[in-house]
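Trainee: Work out the full structure: start from the sequences and follow the hints.
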Amino acid sequence: MSEGISKLIEEYKSTKKSLECGLKWLPTNEAARSKIDVINMIISDLEQLESQCR
Numbered sequence: 001m002s003e004g005i006s007k008l009i010e011e012y013k014s015t016k017k018s019l020e021c022g023l024k025w026l027p028t029n030e031a032a033r034s035k036i037d038v039i040n041m042i043i044s045d046l047e048q049l050e051s052q053c054r
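Numbering (this note's numbering), first residue to last: 1 to 54.
Possibly wrong hints are sitting among the right ones.
To be verified - Across the chosen pairs, the derived CB separations fall in these ranges:
| # | residue 1 | residue 2 | range |
| --- | --- | --- | --- |
| 1 | I5 | L26 | 29 to 37 angstroms |
| 2 | K24 | Q52 | 33 to 41 angstroms |
| 3 | I5 | T28 | 16 to 24 angstroms |
| 4 | D37 | G4 | 20 to 28 angstroms |
To be verified - Calculated pairs, SDA-like style, for lysine to any residue (alpha carbon to alpha carbon, straight line, at most 20 angstroms):
| # | residue 1 | residue 2 |
| --- | --- | --- |
| 5 | K13 | E50 |
| 6 | K16 | R54 |
| 7 | K17 | D37 |
| 8 | K35 | I9 |
| 9 | K16 | I39 |
| 10 | K24 | N40 |
| 11 | K35 | R54 |
| 12 | K13 | S44 |
| 13 | K16 | L26 |
| 14 | K7 | S44 |
| 15 | K16 | L46 |
| 16 | K35 | Q52 |
| 17 | K16 | D37 |
| 18 | K35 | S51 |
| 19 | K35 | Y12 |
It is worth saying that the hints were derived from the structure and are not from the lab.
Because the structure is a prediction, the values reported are computed rather than measured.
The beta carbon of each residue, even a glycine, is placed where N, CA and C say it ideally should be.
Mentor: Here it is in structure tokens:
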């Protein structure tokens with residue numbers, strides 16, 4: 001289960017990085033900023049879950 005969680009964390013981090021790159025061209029895009037906030041919460045939750053599984 002921990003391996004699957006690790007893969008999800010990496011995928012969300014990759015998505016976050018892509019959105020952050022997009023903000024360089026559209027710095028006022030509030031939708032992207034909101035999505036980054038949600039992704040940060042998901043990453044945090046998954047990291048906590050991963051640490052509990054170990």
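Trainee: Of the hints given before, which are not true for this structure?
Mentor: 3, 6, 11, 16 and 18
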